[in-house]
Amino acid sequence: MKTRPIKPMPQQEQGNNPPEPSSNQAGNRHFDEVLAANLSRRTLLQGTLGASAVAFLGGTLAACGSDSGSDRPVIPGVRTLGFKSIATGRDDAVMVPEGYTATAFLPWGTPILGAFPDYRDDGLNTGDEQAEQMGSNHDGIIFFPIDGKSDHGLLVMNHEYVDQKVLHAHGADQSGAPRPADDVKKEMNAHGISVVEIQKSANGGWELVAGGYNRRVTAITEMKISGPMRGTDAMKTAFDPSGQRTRGTLNNCGSGYTPWGTYLISEENWAGYFHADKALLDKKTPGYNRYNITGWQNYHWYAADQQDDLYQRFAPDESGASASEDFRNEPHCFGWLVEVDPFDPNYVPRKRTAMGRFSHEGVIPAPVKVGKPMAFYSGDDSTNEYIYKFVTKAVWAENMEGGDVLDEGTLYVARFNDDGSGDWLPLDFDHPLFKAAMDNEAERPPTSDRPRLVFTSQADVLLNTRGAADILGATPMDRPEWGAVNPNSGEVYFTLTNNSPRTVSNAANPRVLNRTGHIIRWNEEAGEPAATKFYWNIFVFAGHTEGHLAGFLPRSGKRLTDENVFASPDGLLYDDNGILWIQTDMSGDQQAGKGPDGDFGNNQMLAAVPETGEIKRFMVGPVDCEVTGVCMTPDHKTMFINIQHPGDRSQPGQFTSHWPTGGNARPRSATVVITKDDGGVIGL
1 MKTRPIKPMP QQEQGNNPPE PSSNQAGNRH FDEVLAANLS RRTLLQGTLG ASAVAFLGGT
61 LAACGSDSGS DRPVIPGVRT LGFKSIATGR DDAVMVPEGY TATAFLPWGT PILGAFPDYR
121 DDGLNTGDEQ AEQMGSNHDG IIFFPIDGKS DHGLLVMNHE YVDQKVLHAH GADQSGAPRP
181 ADDVKKEMNA HGISVVEIQK SANGGWELVA GGYNRRVTAI TEMKISGPMR GTDAMKTAFD
241 PSGQRTRGTL NNCGSGYTPW GTYLISEENW AGYFHADKAL LDKKTPGYNR YNITGWQNYH
301 WYAADQQDDL YQRFAPDESG ASASEDFRNE PHCFGWLVEV DPFDPNYVPR KRTAMGRFSH
361 EGVIPAPVKV GKPMAFYSGD DSTNEYIYKF VTKAVWAENM EGGDVLDEGT LYVARFNDDG
421 SGDWLPLDFD HPLFKAAMDN EAERPPTSDR PRLVFTSQAD VLLNTRGAAD ILGATPMDRP
481 EWGAVNPNSG EVYFTLTNNS PRTVSNAANP RVLNRTGHII RWNEEAGEPA ATKFYWNIFV
541 FAGHTEGHLA GFLPRSGKRL TDENVFASPD GLLYDDNGIL WIQTDMSGDQ QAGKGPDGDF
601 GNNQMLAAVP ETGEIKRFMV GPVDCEVTGV CMTPDHKTMF INIQHPGDRS QPGQFTSHWP
661 TGGNARPRSA TVVITKDDGG VIGL
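Residue numbering for the sequence shown follows our numbering, beginning at 1 and increasing consecutively.
Each statement offered as a hint is correct.
Cut-off 27 Å, straight-line C-alpha distance, at most; resulting in silico cross-link-like pairs (DSS-like, lysine-lysine):
| # | residue 1 | residue 2 |
| --- | --- | --- |
| 1 | K372 | K533 |
| 2 | K149 | K200 |
| 3 | K533 | K435 |
| 4 | K149 | K637 |
| 5 | K594 | K616 |
| 6 | K637 | K616 |
| 7 | K435 | K283 |
| 8 | K393 | K435 |
| 9 | K616 | K558 |
| 10 | K149 | K369 |
| 11 | K372 | K393 |
| 12 | K558 | K84 |
| 13 | K393 | K533 |
| 14 | K200 | K637 |
| 15 | K369 | K393 |
| 16 | K637 | K84 |
| 17 | K284 | K435 |
| 18 | K224 | K393 |
| 19 | K84 | K616 |
| 20 | K369 | K533 |
None of these hints come from the bench; they were simulated from the model.
The whole structure should be built from the sequences, with the hints applied where relevant.
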């Protein structure tokens, strides 16, 4: 990521978030079948591999280079983790290894701009006040250094969703009855992102800078529709009959960044916010039937007791004579990646539609090469959905400005082959492979579950990215979550959190139920991010060792032990020193340690050195939280981690966590600042 200089400032202006129900009726070959065929060609305990995957596992880390003018460390070679693994636990606190300190920072409700309204622990802050405070349920997070340094920068983070039982003084009525409009506004303003300028103080701690960079982007913020969908009929609404503008971003989980120094917001479980009219659902239009537009998040924003289309758009129907007179197309305005320039508070966020529409868990850039296209990976976080890659038409040049680079390129979806190879299949209306897939689709007998799909333009492909991936024969995966790229080798890692609903298998399926998840990895052919071929393998199967292949690293034959056992991997970060940081998102009985998978304690974060198979538990979060979002300063001496929904099982006034304030306080999502007591590099 290009660092940004200081410049003159313009005037400024689970539990509760369930996974999306499966909607994939394509019948494509499932990953478990592919994995079974792949594993049958190997001796797992000896770590031997098929010849086609040799390139994938070859090599070790190259020496880390130093960025000119930055604090990036120079530490060569494969590393050994320099801390003692901590035990699992169920304390209402953040636990880190001896020699480290963790400090809560910027919790939900912290005032960051405007009138700087105080946070109220009684839950009575208003909707307008929430627009000037840190949002709720912190998630993906990126540190943008100013002038490349590690003591001053912008911390930008997503706020995925809200817990109504904690956000409001007395919870919220979820019956769909009329809701106080200010409660709805507060929830909408607790979504989105926060941009916060921070700086190290004289005593070595971090503090908020009350400057002009600070900004909130919420579910109300006006945005531009950019790329191939801009101005198309599918994007026209009563808010903007031209189809070029919309309002807000929703359910922002993992985040990303661009090489030119902007922030990328993902829109994950956006579909559950819409209570679509039954007549629209019965039509099974491509923009609806593969996206679960059925209101399963149960926010009932449309039921605000104030007649305003700001709220009513979440109950789309065909009340007007055309789409320009109602909000039948409002769901089409979500499911995208959104670009924001954190250094320009007046920048209007752009929905980059060329990058596809689905439940984006996040977006991961590949390391750039001068004169080569840029690649971005993204997972569709739902059961039996796919992994995607977007390759820009433009090529990278040093110090280039991004502009509208993300509006032109090719979107691909992954197919994992039995022999350890993989193919990136083009979601390109004009590509011969896609034309052939459309011909096959035209000959397929339609069913009630899967009507025949028709694509007449690239806009159709992007509007129904999932359906286009279906007809190409992409590989259904077990909830693709975050990704990370080894910055030294280009190796790509992706978490597959779990796929609990999958109960039907066959003799070739190595995991009858994938309740605990695994991590997959691949190398692009010839090390080129724009390649259309790749080579894959499994890094680790999560879970206790009692299950078949659970708690197991196939390459080394190692088993997970008490010092590193985990379940439901989610967040990932691959740092410059060769450490892969793994975060977990257990929910339900698994989070409570009462399910069939055993007890893993509270959600946690681990550190791994993939080349050696070394994995240690580095952090355990407070009660009922998710550990999510992780980034570091360029010198790797400060780590920022987000703690989301502590007290996830709370009821109004009956909180299961009081973190981070303690006492009888309501729980608050917050960022955790982790430093090494000797001032050294994190993890080493």
